[in-house]
Structures are given as structure tokens and as C-alpha cells.
Amino acid sequence: MDRKTLDRLTRLSQLQLSAEEERLVLDDLGHIVALIDEMRAVDTEGVEPLAHPLDMDQPLRDDAVTEAVDRARFLAVAPLTRDGLYLVPRVVE
Amino acid sequence: MQPFTSIADLGRGLARGDYSARELAAFYLERIAAANDDLNAFIRVTEERALGAAEAADRSIARGEGGPLTGIPLAHKDIFCTDGVATTCASRMLAGFVPPYDATVVARLAAAGTVCLGKTNMDEFAMGSSNETSWFGPARNPWDRGRAPGGSSGGSAAAVGAGLVPCATGTDTGGSIRQPAAFCGVTGLKPTYGRVSRYGMIAFASSLDQGGAFGRSVEDVETVLGAMEGHDPLDSTSAERGPTRRSGGRNGAERMRIGLPSEYWTGLPGDLGGCLLAAAQELEQAGHALVSLSLPHTDAAVPAYYVIAGAEASANLSRYDGVRFGLRAEDPTDLDDLYRRSRAAGFGTEVKRRILTGTYTLSVGYYDAYYLKAQRVRRRIQQDFLEAFDDVDAIAAPVAPGPAFELGAVDDPVAMYRQDVFTTPASLAGLPAMSMPCGLVDGLPVGLQLIGPPFEEGRLLNLGSEFQQRTDWHLRHPET
Numbered sequence: 055m056d057r058k059t060l061d062r063l064t065r066l067s068q069l070q071l072s073a074e075e076e077r078l079v080l081d082d083l084g085h086i087v088a089l090i091d092e093m094r095a096v097d098t099e100g101v102e103p104l105a106h107p108l109d110m111d112q113p114l115r116d117d118a119v120t121e122a123v124d125r126a127r128f129l130a131v132a133p134l135t136r137d138g139l140y141l142v143p144r145v146v147e
Numbered sequence: 034m035q036p037f038t039s040i041a042d043l044g045r046g047l048a049r050g051d052y053s054a055r056e057l058a059a060f061y062l063e064r065i066a067a068a069n070d071d072l073n074a075f076i077r078v079t080e081e082r083a084l085g086a087a088e089a090a091d092r093s094i095a096r097g098e099g100g101p102l103t104g105i106p107l108a109h110k111d112i113f114c115t116d117g118v119a120t121t122c123a124s125r126m127l128a129g130f131v132p133p134y135d136a137t138v139v140a141r142l143a144a145a146g147t148v149c150l151g152k153t154n155m156d157e158f159a160m161g162s163s164n165e166t167s168w169f170g171p172a173r174n175p176w177d178r179g180r181a182p183g184g185s186s187g188g189s190a191a192a193v194g195a196g197l198v199p200c201a202t203g204t205d206t207g208g209s210i211r212q213p214a215a216f217c218g219v220t221g222l223k224p225t226y227g228r229v230s231r232y233g234m235i236a237f238a239s240s241l242d243q244g245g246a247f248g249r250s251v252e253d254v255e256t257v258l259g260a261m262e263g264h265d266p267l268d269s270t271s272a273e274r275g276p277t278r279r280s281g282g283r284n285g286a287e288r289m290r291i292g293l294p295s296e297y298w299t300g301l302p303g304d305l306g307g308c309l310l311a312a313a314q315e316l317e318q319a320g321h322a323l324v325s326l327s328l329p330h331t332d333a334a335v336p337a338y339y340v341i342a343g344a345e346a347s348a349n350l351s352r353y354d355g356v357r358f359g360l361r362a363e364d365p366t367d368l369d370d371l372y373r374r375s376r377a378a379g380f381g382t383e384v385k386r387r388i389l390t391g392t393y394t395l396s397v398g399y400y401d402a403y404y405l406k407a408q409r410v411r412r413r414i415q416q417d418f419l420e421a422f423d424d425v426d427a428i429a430a431p432v433a434p435g436p437a438f439e440l441g442a443v444d445d446p447v448a449m450y451r452q453d454v455f456t457t458p459a460s461l462a463g464l465p466a467m468s469m470p471c472g473l474v475d476g477l478p479v480g481l482q483l484i485g486p487p488f489e490e491g492r493l494l495n496l497g498s499e500f501q502q503r504t505d506w507h508l509r510h511p512e513t
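As they're listed, the protein sequences go chains A and B. Counted the way the numbering used here counts, the first sequence spans residues 55 to 147. Counted the way the numbering used here counts, the second sequence spans residues 34 to 513.
No lab work stands behind these hints, which were simulated from the structure alone. All C-beta atoms, glycine included, are put in the ideal place defined by N, C-alpha and C. Hints may be right or wrong, so weigh each one.
Said to hold, decoys possible - One-sided and incomplete, this derived list gives chain A residues near chain B with beta-carbon spacing under 10 Å: (1) D56; (2) R57; (3) I90; (4) P143.
Given the sequences, and given the hints that come with them, work out the whole structure.
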């Protein structure tokens with residue numbers, strides 16, 4: 055784990071690290087990668103990946119309207135809205 | 034009123050009219066008010082709502098309509114959305130977030146007549162094994178205030194352990210119910226993945242997260258589970274299964290074969306190993322057979338777990354963007370700046386570490402070597418268990434490598450992750466697992482873990498109840 059990799063991960067994750075955090079996290083991530091590398095010793099030749107513990111089909115409900123969207127109520131938890139819309143900084147000049 | 038009373042006894046007291054549900058709620062609220070500055074088990078106490086719910090319960094009881102949980106006080110881990118009550122997941126990111134809906138677990142327990150007293154402390158976004166990553170500071174262990182209550186559901190375990198509430202909800206992704214239950218001397222059950230709806234339970238790692246319960250006994254946990262479990266059309270990963278019923282071993286056998294996996298039992302510190310062995314022998318004296326067995330991929334569980342949980346967390350936590358809910362940075366220069374500064378300020382260091390780990394293992398060039406590899410290891414671990422359950426009815430194991438550690442003592446993330454060595458395997462396999470008090474080491478409680486095949490919670494409850502009829506470890510509590 056080097057600074058360049060960490061910079062890339064931080065950018066991909068839409069995060070920012072303070073200088074102090076960066077120093078700590080760089081060190082920690084190196085140790086965490088060493089930990090997860092331990093599983094490489096397991097022979098997994100021919101083993102199918104397991105994405106989900108339950109061996110079942112996910113049931114789908116009928117495509118029917120069950121509740122009405124209360125727009126004002128859901129927008130009330132947003133930090134900044136106007137006229138029923140979320141506000142973000144200008145994206146298109 | 035006595036704070037460490039069982040749910041059944043509290044129900045009898047309510048039915049007899051020894052006290053009203055309002056008086057019962059007020060009694061526990063007073064205990065919380067007296068102890069919480071010290072224990073920090075509750076992030077939020079909802080006194081007014083609680084008294085309102087208690088009065089409604091009293092009316093139900095007066096009409097003769099009460100069930101086993103009518104009027105019983107409880108607390109919800111602050112990971113469950115509560116309509117109109119702030120829900121933070123112990124993160125600055127969600128400070129002030131008031132959900133416009135109830136989690137299914139919350140709605141079902143309210144419908145069963147429980148009286149919610151408040152929201153309990155936890156590790157931030159359930160990422161931690163000590164409660165120390167909480168934005169609100171750690172909850173403290175009621176047996177020793179200088180020690181961790183465990184995590185991530187540390188507040189729920191501490192609250193039940195201190196007699197501030199008879200029962201509480203929790204969630205378990207890699208041990209977050211079982212380990213704090215063991216540290217605080219209470220009983221905690223992580224059901225089979227899919228047993229309890231995840232709707233409205235703030236997501237950390239979606240293929241692992243499972244809601245469950247804390248109580249003072251197996252019976253109490255069973256009663257709470259009965260009201261929260263079952264298929265939910267709002268969660269497509271919730272299983273269509275009937276309610277949990279007490280059950281025997283394979284083919285209904287009363288005498289069970291209990292497996293002791295050598296990977297869990299060798300190398301334990303002497304005091305802990307002695308306590309656990311005595312507990313297993315108690316089950317043997319009750320007529321069950323103890324069988325040695327091997328779960329050969331146990332050592333790979335912690336590494337595989339931290340790949341899968343990190344990967345799923347990095348995807349799940351991408352929803353916190355400062356736009357639709359949660360913390361928003363001031364005066365952003367552009368959209369990326371808004372995302373980055375909101376997330377930088379909202380998340381604590383451990384959450385950032387997990388997101389970065391997940392981003393790393395999912396990124397181009399590493400996906401096969403880490404993420405897919407971890408999923409293959411996950412199948413190996415599941416196969417180990419399923420093969421074992423061809424020969425045994427349940428598995429008995431430690432919950433944690435020792436009793437509660439001192440706050441601040443485990444300051445290296447990898448050392449903290451290794452605390453989960455005995456709990457992550459059952460999580461990866463999606464199995465039901467329960468922790469119950471089985472002794473004291475240096476005056477601190479330790480727990481025995483029982484693990485069962487998928488949807489065999491009834492077998493664990495049966496064994497656990499038998500153990501608790503023969504022992505009194507679950508009746509011990511810290512001095513109050």
C-alpha cells in the first residue's frame with residue numbers, strides 16, 4: 055500500500071483524509087491487506103463463489119401500487135431543497 | 034419492582050395489576066436517568082413516546098387484549114429506523130436524521146405492544162467490536178466501567194446487562210450481537226440470515242446483516258424473536274418460513290450430538306477454556322453427547338469476512354452523498370467537493386478504513402484476487418459447517434478470545450478484527466448462533482456460543498433453555 059494507491063482509493067471513494075488521517079490510514083491499510091492476504095492460503099480450485107448465504111430464489115412481489123409517495127415528507131430529511139427538488143451545486147455550466 | 038425480572042414475570046405482574054405498564058416504563062426510565070451519564074448505553078431516551086405507548090398498553094391489558102410483550106419496555110439499537118425519532122447509526126453523518134418510516138422490526142415490536150424507551154449506542158454504522166467508534170463516545174460495560182461492552186451492539190447489551198431495560202434489539206454482521214452479549218453477561222441471538230427483515234435496518238454489509246435480540250434469558254430472547262421474525266414483502270431477502278418453534282435434534286431426537294470444533298477449542302486461555310468446557314459438560318450431563326470435530330477453514334474467516342464486509346460497505350455507504358439526507362458540507366465549490374467534504378466530515382476513521390478497504394478489493398486488478406477469492410473461501414466455510422451438521426445437531430464454541438477488554442486497550446484495527454475470530458464463520462455461512470452467559474473470568478462474564486443449521490433456531494433455544502434451567506449464570510448481574 056503506497057501513497058499513490060491510497061490517493062486513487064480516496065478519490066474513487068469520494069473521501070478526503072486529513073494529513074494525520076492519511077498517515078494513520080496508510081499504515082493501517084498495509085496491515086489490513088496483510089491480514090486479508092492470509093486467506094490466499096486456502097485452496098479454492100473449482101469452488102464456486104458464494105455471494106449470498108441463502109440458497110433460495112428471491113421472491114418478487116406483485117408489481118402493484120401499495121403506498122403513495124409523500125414527496126414533502128421524504129424531502130423534509132434533505133439538507134437543501136427548493137420547489138420539491140434536491141439542490142446541488144451547478145453541474146452544467 | 035425488581036429490574037432483573039424476566040419478561041414472563043413482568044407480564045404476570047401487569048396482568049395481576051401489581052403495576053401498570055406506565056409505572057413499569059417510568060421505573061426503567063428512572064433507572065436510565067440515573068445510570069446513563071455513566072454507562073452511555075442510550076444515545077436517545079424517548080420518555081414522552083414511551084409513556085404514551087405504555088398508556089396504550091394499559092388500555093389493551095384492561096380490555097383483555099394483551100399478548101406476551103404488551104407493556105414490556107424495550108430499546109432499539111440506533112441502526113433501526115424509527116418514524117419521527119432521530120436515528121443516527123452513531124454517526125455524525127446521520128446526526129439529526131429523522132426517518133419518515135419505521136423499520137419492519139420496529140413496527141412489529143410496536144404492534145406486539147412493547148414500549149420503546151429509546152435508541153441504544155453502537156459502533157458507527159455497526160463497524161467495530163468495542164463500541165468505541167461511536168460518534169457519541171463508547172457505551173461502558175456495566176460489570177466494569179473501564180471496559181468495553183463489546184460491539185457493535187454495545188449499548189443494547191450494556192442496557193440489558195445493567196437492568197436499564199428487560200430486552201433490546203441488535204444487529205449482527207460479524208458478531209455484533211453475540212460478542213457484546215458475552216461481554217455484558219446477557220443472552221443474545223443472531224438468527225439465520227433471512228429470518229428477520231432488514232427493511233429499515235441501516236445497511237452495512239447486506240449479505241451478512243441480520244437483526245436479533247438481547248434478553249436476560251433464552252426465554253426472553255425467544256419471546257422477542259417471536260414478535261420480530263417472519264417474511265416481509267418489503268425485504269426480498271427475508272425468507273418465507275414459519276415461526277420459530279422449539280425443536281429437538283435431527284429426526285426430532287431429544288438427545289443431541291453437540292460438536293466441539295478443535296479450531297475453536299485449542300489454545301484458549303486456561304480460565305476461559307475451563308469455563309467453556311464446564312458449560313459443555315453441563316449439556317453432556319443433561320444427556321447430550323459431545324463430539325470432537327474439525328472446521329478446517331476457520332482461520333480464513335476473519336480475512337474473508339473483512340473483504341466481503343468491506344466491499345459491501347463501500348457500496349452501501351455510497352448513498353451518503355450530502356444531497357438527499359445526512360450531513361452536508363458548507364459552501365461546496367462543485368458536486369465532487371460537496372460529496373468529498375460531506376463524507377470526510379460525516380464518517381469517522383474506522384468507517385473510512387472499511388470503505389477504502391472495500392474500494393481496494395473491488396477495484397480493477399484486485400477484484401478476482403480478493404473479492405471473488407473471499408466468496409470462494411466463504412463457500413468453503415459454509416461447506417465445513419453443512420458437512421459437520423450431517424453428524425452433529427449443534428456446535429458449541431467460545432464467543433470471544435477473552436472477557437471484556439479495557440477501553441482503549443485494543444488500538445490496532447487488525448487486532449480488533451481478530452477479536453471476531455469465533456463469530457465471523459457463522460456469519461459468513463448465514464447460520465443462527467446464540468451467546469449465553471456460562472461463567473465468570475476475573476469477575477467478568479463470558480459466553481458460550483451455540484451454532485445451528487439454517488433455520489434451526491428452535492434447536493438452539495431448546496439447548497440454551499435446558500442449560501439455563503441447570504445453571505444460574507444468566508441470573509447473575511453486576512451490583513447496582
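Hint check results:
1. D56: violated, 12 Å
2. R57: violated, 13 Å
3. I90: holds, 5 Å
4. P143: holds, 5 Å
The structure is inconsistent with the numbered hints 1 and 2, although it conforms to all the rest.
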